[in-house]
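A.B. asks: Listed here are the chains, written in short residue letters.
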Amino acid sequence: MTGDRSEWEPKIVGFLCNWCSYAGADLAGQSRLEYPPNVKIIRVPCSGRVNPLFVLKCLSSGVDGVLISGCHTGDCHYSEGNFHARRRFTILRKLFEYLGIDPKRFQMAWVSASEADKWAKLVKGLVEEIRQAGPNKLGHR
Amino acid sequence: MSEELKNKAKELLTNKKVDLIIGYQRAADGVLAAPCFIDSQDDAEKLIWDSYCVYNLASYLKDFPAKRKGIVVKVCDLKSITVLLQENQVKREELLIIAASCPGVIDEKRLNPLDQQAQEIVFAGKCKTCKTITPAYYDILINEPQKNDKLSEIGQDEYEPVRKLEAKSIEERFKFWESEFSRCIRCYACRQICPLCYCPKCVAEQITPGYFSKGVNLEGNLSWNITRAMHLAGRCIDCGECERACPVGIPLRDINKKIEKEIKELFKYEAGLSVEQKPLLSCFDKSDPEDFIK
Numbered sequence: 316m317t318g319d320r321s322e323w324e325p326k327i328v329g330f331l332c333n334w335c336s337y338a339g340a341d342l343a344g345q346s347r348l349e350y351p352p353n354v355k356i357i358r359v360p361c362s363g364r365v366n367p368l369f370v371l372k373c374l375s376s377g378v379d380g381v382l383i384s385g386c387h388t389g390d391c392h393y394s395e396g397n398f399h400a401r402r403r404f405t406i407l408r409k410l411f412e413y414l415g416i417d418p419k420r421f422q423m424a425w426v427s428a429s430e431a432d433k434w435a436k437l438v439k440g441l442v443e444e445i446r447q448a449g450p451n452k453l454g455h456r
Numbered sequence: 175m176s177e178e179l180k181n182k183a184k185e186l187l188t189n190k191k192v193d194l195i196i197g198y199q200r201a202a203d204g205v206l207a208a209p210c211f212i213d214s215q216d217d218a219e220k221l222i223w224d225s226y227c228v229y230n231l232a233s234y235l236k237d238f239p240a241k242r243k244g245i246v247v248k249v250c251d252l253k254s255i256t257v258l259l260q261e262n263q264v265k266r267e268e269l270l271i272i273a274a275s276c277p278g279v280i281d282e283k284r285l286n287p288l289d290q291q292a293q294e295i296v297f298a299g300k301c302k303t304c305k306t307i308t309p310a311y312y313d314i315l316i317n318e319p320q321k322n323d324k325l326s327e328i329g330q331d332e333y334e335p336v337r338k339l340e341a342k343s344i345e346e347r348f349k350f351w352e353s354e355f356s357r358c359i360r361c362y363a364c365r366q367i368c369p370l371c372y373c374p375k376c377v378a379e380q381i382t383p384g385y386f387s388k389g390v391n392l393e394g395n396l397s398w399n400i401t402r403a404m405h406l407a408g409r410c411i412d413c414g415e416c417e418r419a420c421p422v423g424i425p426l427r428d429i430n431k432k433i434e435k436e437i438k439e440l441f442k443y444e445a446g447l448s449v450e451q452k453p454l455l456s457c458f459d460k461s462d463p464e465d466f467i468k
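So the protein sequences, as listed, match chains A and B. If you use this note's numbering, the first sequence corresponds to residues 316 to 456, in order. If you use this note's numbering, the second sequence corresponds to residues 175 to 468, in order.
Please note: incorrect hints may appear among the correct ones.
To be verified - Below 25 angstroms or equal to it, Euclidean Cα-Cα: the simulated DSS-like pairs (lysine-lysine) are:
id: 1; chain 1: B; residue 1: K338; chain 2: A; residue 2: K409
id: 2; chain 1: A; residue 1: K419; chain 2: A; residue 2: K372
id: 3; chain 1: B; residue 1: K375; chain 2: A; residue 2: K372
id: 4; chain 1: B; residue 1: K468; chain 2: A; residue 2: K436
id: 5; chain 1: A; residue 1: K419; chain 2: B; residue 2: K468
id: 6; chain 1: A; residue 1: K419; chain 2: B; residue 2: K338
id: 7; chain 1: A; residue 1: K409; chain 2: B; residue 2: K342
id: 8; chain 1: A; residue 1: K419; chain 2: B; residue 2: K342
id: 9; chain 1: B; residue 1: K468; chain 2: B; residue 2: K452
id: 10; chain 1: A; residue 1: K326; chain 2: B; residue 2: K468
id: 11; chain 1: A; residue 1: K409; chain 2: A; residue 2: K326
id: 12; chain 1: A; residue 1: K409; chain 2: B; residue 2: K438
id: 13; chain 1: A; residue 1: K439; chain 2: B; residue 2: K468
id: 14; chain 1: B; residue 1: K220; chain 2: B; residue 2: K182
id: 15; chain 1: B; residue 1: K191; chain 2: A; residue 2: K409
id: 16; chain 1: A; residue 1: K419; chain 2: B; residue 2: K302
id: 17; chain 1: B; residue 1: K236; chain 2: B; residue 2: K184
id: 18; chain 1: B; residue 1: K388; chain 2: A; residue 2: K452
id: 19; chain 1: A; residue 1: K452; chain 2: B; residue 2: K460
id: 20; chain 1: A; residue 1: K326; chain 2: B; residue 2: K349
id: 21; chain 1: A; residue 1: K433; chain 2: B; residue 2: K460
id: 22; chain 1: B; residue 1: K342; chain 2: A; residue 2: K452
id: 23; chain 1: B; residue 1: K220; chain 2: B; residue 2: K236
id: 24; chain 1: B; residue 1: K349; chain 2: A; residue 2: K372
id: 25; chain 1: B; residue 1: K338; chain 2: B; residue 2: K302
id: 26; chain 1: A; residue 1: K372; chain 2: B; residue 2: K180
id: 27; chain 1: B; residue 1: K442; chain 2: A; residue 2: K409
id: 28; chain 1: B; residue 1: K435; chain 2: A; residue 2: K409
id: 29; chain 1: A; residue 1: K419; chain 2: B; residue 2: K435
id: 30; chain 1: A; residue 1: K419; chain 2: B; residue 2: K438
id: 31; chain 1: A; residue 1: K409; chain 2: B; residue 2: K452
id: 32; chain 1: A; residue 1: K409; chain 2: B; residue 2: K349
id: 33; chain 1: A; residue 1: K372; chain 2: A; residue 2: K355
id: 34; chain 1: B; residue 1: K468; chain 2: B; residue 2: K442
id: 35; chain 1: A; residue 1: K433; chain 2: B; residue 2: K338
id: 36; chain 1: B; residue 1: K191; chain 2: B; residue 2: K180
id: 37; chain 1: B; residue 1: K460; chain 2: A; residue 2: K409
Rather than coming from a laboratory, the hints here were simulated on the basis of the structure.
Extracted from the complex, chain A is given alone in its bound form (with noise of 0.2 angstroms):
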């Protein structure tokens, strides 16, 4: 990792949900659509089995931004974990506003497996807003 700026690239860890945003990310890589390859994917059982400490050990070990992606509400495999999630993290999200964590480093998003496009037009929109956040200086690298 070289701390020169011109060279930076912005990194992503996304956390998506087996059934749908995991299963839209795949469509997309299958259906040849071109998007920036900044985000690493961890595939977890359900947005819900993401937990807080997950975003903050990813954005204290240097990560630019975190990405947590789900089935919309109501298609949830488990029914209702994707509305823990969301209270969970809408939480956090306002927790990292007030403490000056800049908030586009944490976002959140609802892809079906079926929306390859929005996956695809999801992940560029969110590496150019990562980019003009630029280095996250939280974390030791």
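Assemble the complex: chain A is given as a structure, and chain B must be docked to it using the hints.
C.D. replies: This is chain B only, laid out in the frame that chain A set:
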């Protein structure tokens, strides 16, 4: 008032209504109050009740499992017992709640040690905006609740410090918290004193997986303080004990209050109102806001 409390305590212990009473006694310095655990009627003489009874005694409940405990509580302490009951950490039948009419408690940190006879009492921040005077439930009530004129100045905004911070820019806020957290020595006093931090193994001490640095550095200190705040989201009843116990004076209540304010606005939820209420993060509403989700 102390007399009434002593008599009640003696009566309860003589009639074997409780095994022990958790209350306050005068501390060794002769000014402040310290927690005491009373199991014989002779010891009941020690009990006191006044503005120096700052501690939230609910933290001690978990230390006496399977005993019938009498506990002296203020209105705010009672709310933490409500959350403990809600989360099945204590049994109502093991509790005998002695609610005492609260005159407002002092701010220990602003107590003038040279002038013990000072007329002006500096009340704790939480008391200045306290709205509740009647405890929601109790077994014994000591003295009718009455409002202290010096407290609850009308129109005082309990979220004023939060709003002041919110008005700053994001960079200013980060600078502010960075300097506050830089003093954190990771003594975990905030966790130890909290009546609602009862996990037998805290995530801060966990090694596999270890979520954040145990060292004193920005990353570890920030992560710990965010984690503490998140674990109390929707549970914190603002007894202010964390901030009081903090040896380096980090304004922890300002973080707790922020979350309290947000969940009030977003989810119409307030912690510690009733035992039947479901904990905020173990329930949801289909119409919860989601403006930030893409």
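A.B. asks: Hints numbered earlier in the text: which of these fail when held up against the supplied structure?
C.D. replies: 9, 15, 16, 19, 26, 35
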